[in-house]
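Engineer: First to last, the sequence lines map onto chains A and B.
Heads up: the first sequence begins at 0 in numbering that gives the first Met the number 0, then just goes up one per residue.
Heads up: the second sequence begins at 0 in numbering that gives the first Met the number 0, then just goes up one per residue.
Heads up, some of the hints might be wrong.
Just a few of them, taken from the derived set where beta-carbon distance is under 10 Å, the chain B residues facing chain A [said to hold, decoys possible]:
{"#": "1", "residue": "I65"}
{"#": "2", "residue": "V81"}
{"#": "3", "residue": "G89"}
{"#": "4", "residue": "S114"}
{"#": "5", "residue": "A196"}
{"#": "6", "residue": "L206"}
Each pair of labels, with its calculated beta carbon distance range [said to hold, decoys possible]:
{"#": "7", "chain 1": "A", "residue 1": "Q199", "chain 2": "B", "residue 2": "P55", "range": "53 to 59 Å"}
{"#": "8", "chain 1": "A", "residue 1": "Y25", "chain 2": "B", "residue 2": "I108", "range": "45 to 51 Å"}
{"#": "9", "chain 1": "A", "residue 1": "Q199", "chain 2": "B", "residue 2": "L80", "range": "50 to 56 Å"}
Because the hints were derived from the structure by calculation, they are not lab data.
It should be emphasised that the depicted structure is a prediction, and the values quoted were computed from it without experimental measurement.
C-beta: ideal position from N, C-alpha, C; glycine also.
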Amino acid sequence: MHMADALLSPQVGGVLWGVTAGTVAYCSRRVRQLEDDSTVPMMGVMGAFIFAAQMINFSIPATGSSGHLGGGMILAILLGGPAAFLTIASVLLVQALFFADGGLLALGCNIFNLGFIPAFIVYPFLFKPLAGADPSRRRLFLACLVSAVVALQLGALGVVLETTFSGISALPLSSFLLVMQPIHLAIGLVEGVVTAVVVQMIRQQQPGLLQLATATPARPVFSWRRTALALLLVSLLVGGIGSWYASSQPDGLEWSVAKVIGGELDSTSSLIATLDNWQQRIAVLPDYDFASATADNSLWSSRFGTSLSGILGATVSLTLIVGLGVLVRKRNQR
Amino acid sequence: MAGIEHSLFDLSALDTLAYQDSPIHRLDARAKVLTVLVFVVVVASYDKYAVLVLLPLLVFPVSLLIMARLPVAFLLKRLALVAPFALLVGMFNPLYDQQVQLQLGGLAISGGWLSFLSILLRFSLTIGSVLVLIAVTSFPAICHALGRLGVPWTFVLQLLFLYRYIFVLGAEAERMVRARSLRSFHGRGNGLKIYAALLTQLLWRTLERARRLYRAMLSRCFSGRFRLLSTSRFGRKELLFVVGWSGYFILLRLGSDAAAVRSWLEGVF
Numbered sequence: 000m001h002m003a004d005a006l007l008s009p010q011v012g013g014v015l016w017g018v019t020a021g022t023v024a025y026c027s028r029r030v031r032q033l034e035d036d037s038t039v040p041m042m043g044v045m046g047a048f049i050f051a052a053q054m055i056n057f058s059i060p061a062t063g064s065s066g067h068l069g070g071g072m073i074l075a076i077l078l079g080g081p082a083a084f085l086t087i088a089s090v091l092l093v094q095a096l097f098f099a100d101g102g103l104l105a106l107g108c109n110i111f112n113l114g115f116i117p118a119f120i121v122y123p124f125l126f127k128p129l130a131g132a133d134p135s136r137r138r139l140f141l142a143c144l145v146s147a148v149v150a151l152q153l154g155a156l157g158v159v160l161e162t163t164f165s166g167i168s169a170l171p172l173s174s175f176l177l178v179m180q181p182i183h184l185a186i187g188l189v190e191g192v193v194t195a196v197v198v199q200m201i202r203q204q205q206p207g208l209l210q211l212a213t214a215t216p217a218r219p220v221f222s223w224r225r226t227a228l229a230l231l232l233v234s235l236l237v238g239g240i241g242s243w244y245a246s247s248q249p250d251g252l253e254w255s256v257a258k259v260i261g262g263e264l265d266s267t268s269s270l271i272a273t274l275d276n277w278q279q280r281i282a283v284l285p286d287y288d289f290a291s292a293t294a295d296n297s298l299w300s301s302r303f304g305t306s307l308s309g310i311l312g313a314t315v316s317l318t319l320i321v322g323l324g325v326l327v328r329k330r331n332q333r
Numbered sequence: 000m001a002g003i004e005h006s007l008f009d010l011s012a013l014d015t016l017a018y019q020d021s022p023i024h025r026l027d028a029r030a031k032v033l034t035v036l037v038f039v040v041v042v043a044s045y046d047k048y049a050v051l052v053l054l055p056l057l058v059f060p061v062s063l064l065i066m067a068r069l070p071v072a073f074l075l076k077r078l079a080l081v082a083p084f085a086l087l088v089g090m091f092n093p094l095y096d097q098q099v100q101l102q103l104g105g106l107a108i109s110g111g112w113l114s115f116l117s118i119l120l121r122f123s124l125t126i127g128s129v130l131v132l133i134a135v136t137s138f139p140a141i142c143h144a145l146g147r148l149g150v151p152w153t154f155v156l157q158l159l160f161l162y163r164y165i166f167v168l169g170a171e172a173e174r175m176v177r178a179r180s181l182r183s184f185h186g187r188g189n190g191l192k193i194y195a196a197l198l199t200q201l202l203w204r205t206l207e208r209a210r211r212l213y214r215a216m217l218s219r220c221f222s223g224r225f226r227l228l229s230t231s232r233f234g235r236k237e238l239l240f241v242v243g244w245s246g247y248f249i250l251l252r253l254g255s256d257a258a259a260v261r262s263w264l265e266g267v268f
């Protein structure tokens, strides 16, 4: 799901614009330095492929909905981190300009959520350790599936954090999370299966294309340090999200929301379904904190000061960004 | 999904608009990009309850719309198509934030409703101005403007390539989808297996195209940058456009103390 200008404060938008602009500059340099300059046309057509692939969809059995490819992980697996990041960023820019997905200020957020996260977090620290150099069929499938799910979960978490930090929407963090994460779990599973199937097919027919073994030729693939770091990152994040669930999970409704919504949120009919569902949720969840919500208009700011979840959110994102900066830098020095 | 063939069509429609001729179309793309950026940041910087103070900002997209003679209905339709997300998140505000912020005669308006209206207005302003930007400036011109504003050329090149091939691969995917639907009855053939085969097929064609493209580039001594015959200049008109509009936005922003306007309103009613 795309972050929108209307929900964003200039501070949050500006910071992520900065991060994104820096990453674009860094990636451009990396791509220019590549020996193989055929990467440039490859990136261009692969971006267009993502657009075109979204025109083809398939019906998800037993749900009546349909799914299609989102593409972040496939790009990372085919092009490697920097090239994939630039490709995703370009796709998002075109979407922002032509399809008005998000908007200009939110572009930084969107590129971070949908580009930085899959290309520089999930791909190097989750997908690569999981898949290894020469994975079996099942292992590759699993690596793709898990990576796609985690990438989408982190992306959704990004949208939630950016919205709450901006403070334009009055939606409390916990309820927003409760709505966003399960929906994106469902979308992520579909995305994961598609990614896995396509990667499997590529491997059968042109194994040389996958950036599995090529990127880490000399080093042993399994490194304790990297695995530990990946685990730490994942556990921090899962812990952060999990604790919110544990505290406020009301019933199995969210699962049904996910089930109803199934594939994607972009068609109008499923949007209406979503709206209906969210309305239902509000009505049937009396144990949500509505009473106190009415008390104060600077609700979010007062809550933010005290609530543990806010602090946790801040810590998680800070750790994530700082840690990653250090990691990426170290990787490049080697 | 079903709407994407349609959006591809819309994309080319927007693109066609950009090749019309008007004083706004003729301005250097850099001026337009910069002004829209300033506009978006100013809109976002308003207080979360700002509604009335945002209205004067409508002058910008609307006057461009008029001066560039753009079809209003088409742009409004595009705006409405993407409105649901803002609506979805905004509609919770009236529920969570019920403290009365504004008293209009006997009618008490809660902060939530104000911020909901504000979100909708922000949405229309930011997305509207971006749509107008793309309708008065062709995408390649925007890309070159970005390059000349300091965006790395590798990224600009990527944008130009992407834009060129969206139409080509889009048409290819459309043919595949049509071929599949002609051959599948009662929903058979729409499953994951056929889908994956189609997708991989599309991917092979894409990669094959990338290879041909690369060879063509090599044989023409491509240096990593497109050469343009005519390069527009950032002249006096452009400067006036950027400074004038930005000045207008910033003055409005500085002059608009939301609280002052609110107390003024309360005095009136």
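Engineer: Now tell me if each hint is right for this structure.
Structural biologist: Structure-based check of each hint:
no.: 1; hint: I65; result: violated (20 Å)
no.: 2; hint: V81; result: holds (5 Å)
no.: 3; hint: G89; result: holds (7 Å)
no.: 4; hint: S114; result: holds (7 Å)
no.: 5; hint: A196; result: holds (8 Å)
no.: 6; hint: L206; result: holds (7 Å)
no.: 7; hint: Q199(A) - P55(B): 53 to 59 Å; result: holds (57 Å)
no.: 8; hint: Y25(A) - I108(B): 45 to 51 Å; result: holds (48 Å)
no.: 9; hint: Q199(A) - L80(B): 50 to 56 Å; result: violated (35 Å)
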